[in-house]
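Enquirer: Residue strings, one per chain:
There are 2 protein chains.
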Amino acid sequence: MENARTIDFYWEVGSTNSYFALHLLRPIAERHGAAIRYIPINLGHVFRHHNYVLMEEPAAKIANRIRDLERWAEHYDLPFRLPTMFPIKTSRAQRGAIAMRNWGREEAFIDAIFAAYWERDDASIQHYAGLRGIAEALGVDPDDFEAAAESDESRAALIEATDGALARGVFGAPTMVIGDEIFWGKDRMDFVERALTWS
Amino acid sequence: MENARTIDFYWEVGSTNSYFALHLLRPIAERHGAAIRYIPINLGHVFRHHNYVLMEEPAAKIANRIRDLERWAEHYDLPFRLPTMFPIKTSRAQRGAIAMRNWGREEAFIDAIFAAYWERDDASIQHYAGLRGIAEALGVDPDDFEAAAESDESRAALIEATDGALARGVFGAPTMVIGDEIFWGKDRMDFVERALTWS
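First to last, the sequence lines map onto chains A and B. The opening position of the first sequence corresponds to residue 1258 in our numbering, with each subsequent residue numbered one higher. The opening position of the second sequence corresponds to residue 1258 in our numbering, with each subsequent residue numbered one higher.
For reference, chain A alone in the conformation it holds in the complex (with noise of 0.2 Å):
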């Protein structure tokens, strides 16, 4: 039972929150021995479909979340600083992490984009001037990692991905979602531990 475990995991670069979350799940995984299946969504797409204004937010809460995810990064021992340049563009690189199904280097392009993004402030991967090297890097003639992430298919994949999110109740980054519980947040992986010890 402790093997036959999975996790949904609805993922986008852009979402600061998304960039912890990649990290505090997979020890969790690991101790109960879950599979973590990366699922990129177009978060853009979940907010229009929700009609969801990221609204005005007062100074003081502004002042708040930057402080607290200073302490996220503190806390949990990791290099995170805040991007220059927010928000950017981030089709490429989602639909990249797809493309790199096809050469098993899913994972590690996923930590790449998002360590290049949230530790180096390295906006790059908004295009594939960027993601091109973090392709050959990983072994993948970047010609080849380039046609795929824009042929037909990684765009069906992305918009298929995003739709399965929306049908399945997702309304944000990070999502993890183990059956049919859904788990939204960086803030929930108690929960998440919780239910892969009970279930």
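Among the hints, erroneous ones may be present.
For chains that are exact copies, the list does not tell them apart, and a pair is met inside one copy or across any two.
[Claimed, not checked] Calculated pairs, SDA-like style, for lysine to any residue (alpha carbon to alpha carbon, straight line, at most 25 Å): (1) 1318 with 1308; (2) 1346 with 1442; (3) 1318 with 1437; (4) 1318 with 1338; (5) 1346 with 1438; (6) 1346 with 1450; (7) 1346 with 1372; (8) 1318 with 1263; (9) 1346 with 1284; (10) 1318 with 1420; (11) 1318 with 1436; (12) 1318 with 1416; (13) 1318 with 1423; (14) 1318 with 1404; (15) 1346 with 1417; (16) 1318 with 1426; (17) 1318 with 1349; (18) 1318 with 1287; (19) 1346 with 1286.
The hints are simulated quantities; they were obtained by calculation from the structure and are not laboratory data. Being a predicted model, the structure only gives us computed values, none of them experimental.
Start from chain A and add chain B according to the hints.
Expert: Only chain B this time, still in chain A's reference frame:
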């Protein structure tokens, strides 16, 4: 050093998350020999001050929020239930807590009003009809209690506490402040504990 610390706990009985924080904060304070200073605020005033309007949320998000609250109750073994009537008027209850300081029963009163509304679905704490019974059960003459809660002093104290919260950067409830560090939300108790451990 361990016993010199104080956690300023900004609360509002109409806030779901204040209910959970009330119960989660105490064991942490005890473990670290920290005192909790209970500071009732007028949360509606805080939101209006920040021009914050609770927006319409997607149905999927509301459904997840309700499930998430059930998980909190289960995980922490608290007899929480969603109230039938929401929101309710809370200014009398908030002033009532201030009034109960006269008889040294502030904390017990806070426990009682949270339990009534969030555990027994009892919205009578909006009015003195409900609050008087709570005061009486705590050994305070209901007429004296009501007079104190309605007094200019209690009114001024609630306004002063709310203005003081705003001046300090509080934008919601529950908020815990330790020194200059502001922690917002029932899901930040790990960071509160960390602040007490390392300060």
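Enquirer: Each of the hints needs a verdict: does it hold here or not?
Expert: A quick look at each hint next to the structure:
For a Cα distance limit of 25 Å, the shortest separation of residue 1318 from residue 1308 qualifies both inside one copy, at 22 Å, and across copies, at 12 Å. Taking the shortest Cα distances, residue 1346 and residue 1442 sit within 25 Å of each other inside one copy (21 Å), while across copies they are farther apart (31 Å). In this assembly of identical chains, the alpha carbons of residue 1318 and residue 1437 lie at most 25 Å apart only when taken from different copies (15 Å versus 33 Å within one copy). Taking CA atoms no more than 25 Å apart as the test, residue 1318 paired with residue 1338 passes inside one copy only; the shortest distance there is 19 Å, against 28 Å between copies.
Taking the shortest Cα distances, residue 1346 and residue 1438 never come within 25 Å of each other, neither inside one copy (30 Å) nor across copies (34 Å). For the homomeric pair residue 1346 and residue 1450, neither the shortest alpha-carbon distance inside one copy (32 Å) nor that between copies (38 Å) is at most 25 Å. Taking the closest pair of Cα atoms, residue 1346 and residue 1372 come within 25 Å of each other only inside a single copy of the chain (16 Å); across copies the shortest separation is 47 Å, beyond that limit. When the C-alpha separation of residue 1318 and residue 1263 is checked against a cutoff of 25 Å, the pair qualifies only between copies, where the shortest distance is 23 Å, while the shortest distance within a copy is 35 Å.
Proximity of residue 1346 to residue 1284 under the C-alpha cut-off of 25 Å is found in neither arrangement, the shortest distances being 29 Å within a copy and 45 Å between copies. For the identical chains of this complex, residue 1318 and residue 1420 are inter-copy neighbours only, at 16 Å across copies versus 32 Å inside a copy, given an alpha-carbon limit of 25 Å. When the C-alpha separation of residue 1318 and residue 1436 is checked against a cutoff of 25 Å, the pair qualifies only between copies, where the shortest distance is 18 Å, while the shortest distance within a copy is 34 Å. Proximity of residue 1318 to residue 1416 under the C-alpha cut-off of 25 Å is restricted to the inter-copy arrangement: shortest distance 21 Å between copies versus 33 Å within a copy.
Proximity of residue 1318 to residue 1423 under the C-alpha cut-off of 25 Å is restricted to the inter-copy arrangement: shortest distance 11 Å between copies versus 28 Å within a copy. Taking the shortest Cα distances, residue 1318 and residue 1404 never come within 25 Å of each other, neither inside one copy (43 Å) nor across copies (36 Å). For the homomeric pair residue 1346 and residue 1417, the shortest alpha-carbon distance inside one copy (19 Å) is at most 25 Å, but the shortest distance between copies (46 Å) is not. Proximity of residue 1318 and residue 1426 under a CA criterion of 25 Å is satisfied inter-copy only: 8 Å between copies versus 27 Å inside one chain copy.
Taking identical chains as interchangeable, the C-alpha atoms of residue 1318 and residue 1349 are never at most 25 Å apart, the minima being 31 Å within one chain and 27 Å between chains. Neither within a single protomer nor between protomers do residue 1318 and residue 1287 lie at most 25 Å apart by alpha-carbon distance, with minima of 35 Å and 29 Å respectively. For a Cα distance limit of 25 Å, the shortest separation of residue 1346 from residue 1286 qualifies neither inside one copy, at 30 Å, nor across copies, at 44 Å.
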